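Take the sequence shown: its letters are residues 177 to 358, numbered as in the working numbering.
By construction, these hints were calculated from the structure, which means they are not laboratory data.
Given the structure is predicted, the values throughout are model-derived calculations rather than measurements.
Any given hint could be a false lead.
[Claimed, not checked] Derived DSS-like pairs (lysine-lysine); straight-line CA-CA distance at most 30 Å:
1) K240 to K279
2) K307 to K279
3) K279 to K315
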Amino acid sequence: MGKLSQQSIFSLVWHSYIKSALVPILFIEIALLAAYFTTNTLIRDENVRQTEQSVRDQLQTLAKQESILISNQMQNVANLTAMYAGQTRDALNTPFNVSNDEKSRYDFSDQGAWVTTREGSSATFYSASTKVGEAEKAKAWRLTQNDAYMRRMVDMNPLVAQIYFNSFDSLNHIYPYFDTGS
Numbered sequence: 177m178g179k180l181s182q183q184s185i186f187s188l189v190w191h192s193y194i195k196s197a198l199v200p201i202l203f204i205e206i207a208l209l210a211a212y213f214t215t216n217t218l219i220r221d222e223n224v225r226q227t228e229q230s231v232r233d234q235l236q237t238l239a240k241q242e243s244i245l246i247s248n249q250m251q252n253v254a255n256l257t258a259m260y261a262g263q264t265r266d267a268l269n270t271p272f273n274v275s276n277d278e279k280s281r282y283d284f285s286d287q288g289a290w291v292t293t294r295e296g297s298s299a300t301f302y303s304a305s306t307k308v309g310e311a312e313k314a315k316a317w318r319l320t321q322n323d324a325y326m327r328r329m330v331d332m333n334p335l336v337a338q339i340y341f342n343s344f345d346s347l348n349h350i351y352p353y354f355d356t357g358s
């Protein structure tokens, strides 16, 4: 009978321990875990929202800065174009004695176009649809006054790959040089 009473005392103490200590500890642990996971989820969601907003703001700022940069670059090219237009107007209105060496670079192609036949600073051609006489040649040669200016524009600005003048009578004056006869 002592064993039986010992067992029942042990059982009584064990059941009492479970009810008064383990069950409340388990409930507290479960509540703490639930609170942890809930707050962790809320904090993570808020961090994601804040990060997304920060990235949007930074992208908007970067896009605005890039658009200002591109706008400034395009304005620079527009200014260069306006300066080239003025330079070309002045060259066309200014008499110019071209050197014999420069004159020797031009001839008629097999197709009837008047072209530069060898390399030089710029390339020039009149299409075969234009009858080229002394006045047209003088007009083309006056444009050679722009060659140094054209070279500087291309060399100094990476956005300018080529510069040219096309007139109503099919005159084309282009820098850098390329074989216009072909």
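Verification of the hints:
1. K240 to K279: violated, 51 Å
2. K307 to K279: Holds: K307 and K279 sit about 18 Å apart, inside 30 Å.
3. K279 to K315: Status holds; Cα separation ~12 Å.
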